[in-house]
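Asker: Sequence order for the protein chains is A and B. According to my numbering, the residues represented by the first sequence are 3 to 114, in order. According to my numbering, the residues represented by the second sequence are 275 to 388, in order.
Since the hints were made in silico from the structure, they are not lab data. Worth double-checking, as some hints may not be accurate.
Facing chain B, according to a computed beta carbon distance under 8 Å, are these residues of chain A, among others [to be verified]:
{"#": "1", "residue": "S84"}
{"#": "2", "residue": "F90"}
{"#": "3", "residue": "K101"}
Pairwise CB distance ranges, derived in the manner of DEER restraints [what the hints assert, rightly or not]:
{"#": "4", "chain 1": "A", "residue 1": "S59", "chain 2": "B", "residue 2": "D358", "range": "26 to 32 Å"}
{"#": "5", "chain 1": "B", "residue 1": "R325", "chain 2": "A", "residue 2": "G18", "range": "36 to 42 Å"}
{"#": "6", "chain 1": "B", "residue 1": "P335", "chain 2": "A", "residue 2": "T26", "range": "27 to 33 Å"}
{"#": "7", "chain 1": "A", "residue 1": "R109", "chain 2": "B", "residue 2": "G330", "range": "39 to 45 Å"}
{"#": "8", "chain 1": "B", "residue 1": "T283", "chain 2": "A", "residue 2": "N60", "range": "36 to 42 Å"}
{"#": "9", "chain 1": "A", "residue 1": "I15", "chain 2": "B", "residue 2": "T386", "range": "46 to 52 Å"}
{"#": "10", "chain 1": "A", "residue 1": "E43", "chain 2": "B", "residue 2": "P344", "range": "26 to 32 Å"}
{"#": "11", "chain 1": "A", "residue 1": "S28", "chain 2": "B", "residue 2": "P344", "range": "16 to 22 Å"}
Yeah, the Cβ is synthetic: ideal placement off N, Cα and C, and Gly gets one too.
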Amino acid sequence: GQQLNQSPQSMFIQEGEDVSMNCTSSSIFNTWLWYKQEPGEGPVLLIALYKAGELTSNGRLTAQFGITRKDSFLNISASIPSDVGIYFCAGQGDQGAQKLVFGQGTRLTINP
Amino acid sequence: ETGVTQSPTHLIKTRGQQVTLRCSSQSGHNTVSWYQQALGQGPQFIFQYYREEENGRGNFPPRFSGLQFPNYSSELNVNALELDDSALYLCASTHPRGGGGEQFFGPGTRLTVL
């Protein structure tokens, strides 16, 4: 099925470091979302972006909707142990069904 | 306000059997979407229900079917199970006045097909 290209696939960092991950697509999306998933749980919505160029923050998290509408990035500042998990980008392009297309995920591991 | 709930949490079936998974949407959310998440992958859209009718479908065969009830809860049915159907099945709901893509997920049902 259709997927977004998300990178990196995994990251191993020290506590306190900043993290950056991004997502690209060959298709235009109207909405970009970032989710976090922990073992045994469903994805939890972190940030939603609705306009090209939009920069939105949620605490230590900052995400941007690319100008071309084909990419997005997520930054996490001053990482802490509870940031561990898998981060997914998702794009919505269809006007009707609101189908989300997901990336493959970025697995974040933090060394204390 | 209760979030999205799903049942059962885990299920083991054998090839060829049929399964029904259930989802209760978040309070006030009238749209329900189902996703399949294989191990190590991102979720894949199966279909969406709005006002008790299918409102869009992903690249899944007809043996994947669903229902939505007047209280907005939903079922996912899979017939003639195959080994590749083993996955985490996620339900997500959307508020009618929410942003276009804001979907809120339940914890999922882990299906294992032997």
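Asker: Tell me, which hint numbers fail for this structure?
Answerer: 1, 4, 5, 7, 8, 9, 11
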